[in-house]
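> Order-wise, the sequence lines are chains F and H. Under the numbering used here, the first sequence has 57 at position 57, and the numbering climbs by one with no breaks. Each position in the second sequence, counted from 1, maps to that position plus 217 in the numbering used here.
Worth flagging that the hints you see were computed from the coordinates, not collected in a lab. Keep in mind it's a predicted model, so treat the numbers as computed, not measured. Quick reminder that beta carbons are idealized off the backbone N, C-alpha and C, glycines included. Hints are supplied without guarantee of correctness; some may be wrong.
For lysine-lysine, the following DSS-like pairs were computed, each having C-alpha atoms within a straight-line distance of at most 27 Å [said to hold, decoys possible]:
{"hint": "1", "chain 1": "H", "residue 1": "K597", "chain 2": "F", "residue 2": "K61"}
{"hint": "2", "chain 1": "F", "residue 1": "K64", "chain 2": "H", "residue 2": "K632"}
{"hint": "3", "chain 1": "H", "residue 1": "K473", "chain 2": "F", "residue 2": "K64"}
{"hint": "4", "chain 1": "H", "residue 1": "K597", "chain 2": "H", "residue 2": "K632"}
{"hint": "5", "chain 1": "H", "residue 1": "K437", "chain 2": "F", "residue 2": "K64"}
{"hint": "6", "chain 1": "F", "residue 1": "K61", "chain 2": "H", "residue 2": "K473"}
{"hint": "7", "chain 1": "F", "residue 1": "K67", "chain 2": "H", "residue 2": "K437"}
{"hint": "8", "chain 1": "H", "residue 1": "K437", "chain 2": "F", "residue 2": "K61"}
{"hint": "9", "chain 1": "H", "residue 1": "K632", "chain 2": "H", "residue 2": "K462"}
Only part of the chain H face toward chain F is listed, based on derived beta-carbon distances under 8 Å [what the hints assert, rightly or not]:
{"hint": "10", "residue": "G310"}
{"hint": "11", "residue": "F383"}
{"hint": "12", "residue": "A575"}
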Amino acid sequence: MRREVPLIITGVVGITLIMSFFIPHTPFNRLEMLFTHWYQIVAAFAIVLGILNLLRVNLDKAYKRQKDWFFGLVVVASFLLIVIPGFLFSGGRSFQEPGTPFFQIYFYVYVPLMSTMFALLAFFVASASYRAFRARNKEATMLLLAAFFVMLGRVPIGYYLSSWLPENYQLAAVADWIMDFPQTAGQRAIMIGIALGIVSNSLRVILGLERAYIGGE
Amino acid sequence: MGVFLFLRKDMSKTRHLFFESKSTFFFLIFVLSLFFLFIPFSARAEETPEIEGETLQETEAPPAPPTDIVAKDTPNDAGNSITITWMKSEDDGAGRNNVMGYEILRSTVVDGEYEFIGNTTVGAQQFMDTDTKDKVEYFYKIKAITQVLSSISLPSRPAMSTQQWFNTDRINTLIAVLTISFAIFYFIRRARGGRKLYVRKIAGLEALNDAVGRATEMGKKVFYVPGIMDMNSMMTIAGITILGKVAQLTAEYETKLEVPTSRSMVMVSCRETVKEAYTNAGRPDAYNDDMIYYLTDDQFGFAAAVDGLFVREKPAAIFLQGHFFAESLILAETGNSINAIQIAGTAAVAQLPFFVAACDYTLIGEEFFAASAYLSEDPKLLGSIKGQDVGKFLFLLAILVGVIFATAGIFDLSKFFVTR
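With the rest of the complex left out, here is chain H (with noise of 0.2 Å):
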């Protein structure tokens, strides 16, 4: 009370200087009233959006229904999906622009009731139900939405999913793996046959040799990394196939060998590999299954392993043949250190650069593949690396063909190598 009767002293001292009129002075008393008074009713309407949308809803006009739905079993799968198209609604990006997606609505019965499958966003013209009965009739109807309104289109014409028997997708991979194979077919039976054939001379396998002599010869041990992947990884087979080799120099040179492996499965592979390779070169005394040994799964873990043996033992000879990624050229790098000679081998493209800079060989790509019938100079299997050029005149063929179609404007040929 006190506080508003200060007031109303004050402002009877100052009134006469900011108010020409004491009617002026209630005017502006009752305008401050109803402001203040209006702000919790204009609160209170935002708080009832249901008024504004009956306002929408009588003012807004439905959106056009989409049409052509039609609804197809989905091809080259394996069943239980239909693919639904339709045309999308004329308010759809034109008209009164205001659709806000589309919802998909099955039935098994034409009249029946539809029930709701999915959604999708606005603009588009395709949904994939996976959630079907094969050999089962389902009608479809798509529904556009806007905010508040909805229009339901007609029908699609009843689709059932059923599985099928081949990828068409697919010919043209069929083609490629076929003609690849009959190459290297045929190339093996003309080997069989008694054809000489040319290989050309590959450095790093030229340098197997090398490579365990020079431990022999240095009274040091060889080191065999069959790279850190599984035995489900084609370059890990291709490794332990090069092993087999490496192991029967050791043995015929009485030289120490030692395989470190990543992989419980590769130890064992790689046991069995050696210990053949050792029967094979008459010296099965000499093997022993400590000499492959398991370290661990885990990447870095495995390098810093294996490069604490390298530097511990300071091996004359390095092969890191198989499948490797970052750590191969911590490996390399550390062989490099202890003046080891290092042959490499992979298939990991990144990974080439790392072991070019830093082993003595490296076998590239298809060579690291081709070693084991290199080595072997098994008829059969030098057939095999002749089906393989085959394949890559014919891969060269297509590629100067689709360069010229290309150029000349026409693109159909490289549609026909996009794989799916």
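Only chain F is shown next, with the shape it has when bound in the complex (with noise of 0.2 Å):
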């Protein structure tokens, strides 16, 4: 039973939400939105378990001195410090309110910090570009040939040099055309190869051929 309740659950709700896609009328309509609200009511009772799950694993790291059980402290004391002026120091006002001790923690921590994580993305390109824009063989030149000509185009040097072209010779317009035609033709044909995998995988879900979600072999 441990299995088979997951599984019909799954079959069923799959079916009637195909079945919604097709079908406007009532009580059709409203299944995807009552699914949603659903789904959004156990995942916040998941939030929980998971708030409870990295309470539980980073004091123990600090209780027990694991390797590394200073950065267990820090994340318990970064999980106090925006939780606890949150619940109780918004001076009854809501938390995301501008001036709350939230807000600032939230606009003058929590992003720059978030932005500065993101910005390291600038120099994590550079350095997969470096190692993949190698001429080891005929793919890898031809992925090289097509980097170059369309991050040339995509700056103004690339007009300055090849301005005294014509203008569909241009390194832009050949930067556009790589663009427009051989990377759409790629990108759409893997778009329909995982269209038909996520049908593909989704019958199985939906037929019960494929458990290892739940579980099972």
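Dock the two chains into a complex; use the hints.
Here you go:
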């Protein structure tokens, strides 16, 4: 029963939602919203599970002085630093209102930290490109050439270097052509494969052939 | 008074220089006085637009009314909606060209009082009334309006909104879903019958054993990241399915596995999957709930935490399988910097180039969804992959025929494929 009940629920919900895509009549038109609400309720309860797990794992690590226990302590302290002001020190206002301690921490600590992480991407792109764009074989050379034209066609120097050529042969036009034709064609081929893969995988899940995600074989 | 006297004195000296006679000087004073008197009156005139409006109303004729008002139940919907169409006024964009828009009026009685329910801009010929009660008859009138005048059309014939049992706009999608589903069912049935199905080798999946084996030999951990999205993403489900196979290998090889998750529900699902895999491998004692833990829902917070784990723990093998966004390259490059063997898989098209550049193997799109069937070697699941191929063939055929038709200037076929 531990396996059968989730499989039955998955099958019934899956088939009902597929039907609701084609049938606009009541009650099918309301089912998607209804199931979404149920999902959100379940997810809200699951967040408590996640938080408890986070605190337990990190407190345990700190208590037992395991390797890198200090980081566990930092996680718990950061958690309390944002939760306690949010709950207790909002001065009768909503914790999200400008001026509350939660708001100040969110905008002046959390947001810059997130931006910093995002900004790291620039350096990672550079290092990944450096490795990827090496002419090791025929395919890698084509990748390198495509990248060379696209990058040069997207910056002002590309315009200055090729401005003497007819408009259709300038680097910007070559870059546009690469993006509009070979790139779009390749991307669409992948997307068709993905769409079919999703249909096939969904059918396997709805029919109960695929059970690994609920702990089955 | 002193100043006035000074001016008079000054003027008496100079007036003969500029004015030929006294009468000219007084004439100028008279004109200036009239000018200053006129300003307040003209300002007052600007403050009273009603006067101008009245003048305009007297001169402007009302616009021609809209014609051919047709009200119909909005098709393919869940009711409570009527679509009204009309032929625009002759003075809209032509004629006197003074129509500024249309007002839509509604009544339940043809000769009754019509209430205002909405308006449209000039040139519009359609309005959707989404506030109707099903199975109640409504009449509509359209009022063409200018700056001050208006003219009302004749009423429409009665219309009532109803719910539909089938969305005919989606018949193309239904045909595609049924065809592909039929093909998948057919091949699953055929595989059950014992027919051997050929599936090409997928390098990324063949390398699973090597990656876990490497970690075992080096005595290091295996990290598995099932993306940052929740259980409502098909990619997360596919990722968790592959996790089951990886967990089975780590259980057999007695290698440590860690699964940091970004969503609580994913954590719970991963625990079930890994627990089952360890039980199946005959090593339930090696399973521990703490192998799978929650970090944070936040995208970059999760990336920072996992990066930290990678750098501190230096795992020998990293699996990035699921739904990723911009953090994909941050994770993959950090994994690369610690020389871990990395196998990535996702259907997020924008992240695929990052994984290809930074990882040793990448499961691209459909390979990622086929992984569980490929690894299980279960004929039923392999049959579904074969069914996918039939779908792919049909798509290719449709593209080919579409290209030929479009080249010949026939676009009816491409219209059929438009999804709504």
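> Does each hint fit the structure? Answer for all of them.
Hint check:
no., hint, in the structure
1, H:K597 <-> F:K61, "violated (44 Å)"
2, F:K64 <-> H:K632, "violated (66 Å)"
3, H:K473 <-> F:K64, "holds (20 Å)"
4, H:K597 <-> H:K632, "violated (36 Å)"
5, H:K437 <-> F:K64, "holds (22 Å)"
6, F:K61 <-> H:K473, "holds (17 Å)"
7, F:K67 <-> H:K437, "holds (15 Å)"
8, H:K437 <-> F:K61, "holds (20 Å)"
9, H:K632 <-> H:K462, "violated (44 Å)"
10, G310, "violated (35 Å)"
11, F383, "holds (6 Å)"
12, A575, "holds (5 Å)"
The structure shown violates the earlier hints numbered 1, 2, 4, 9 and 10.
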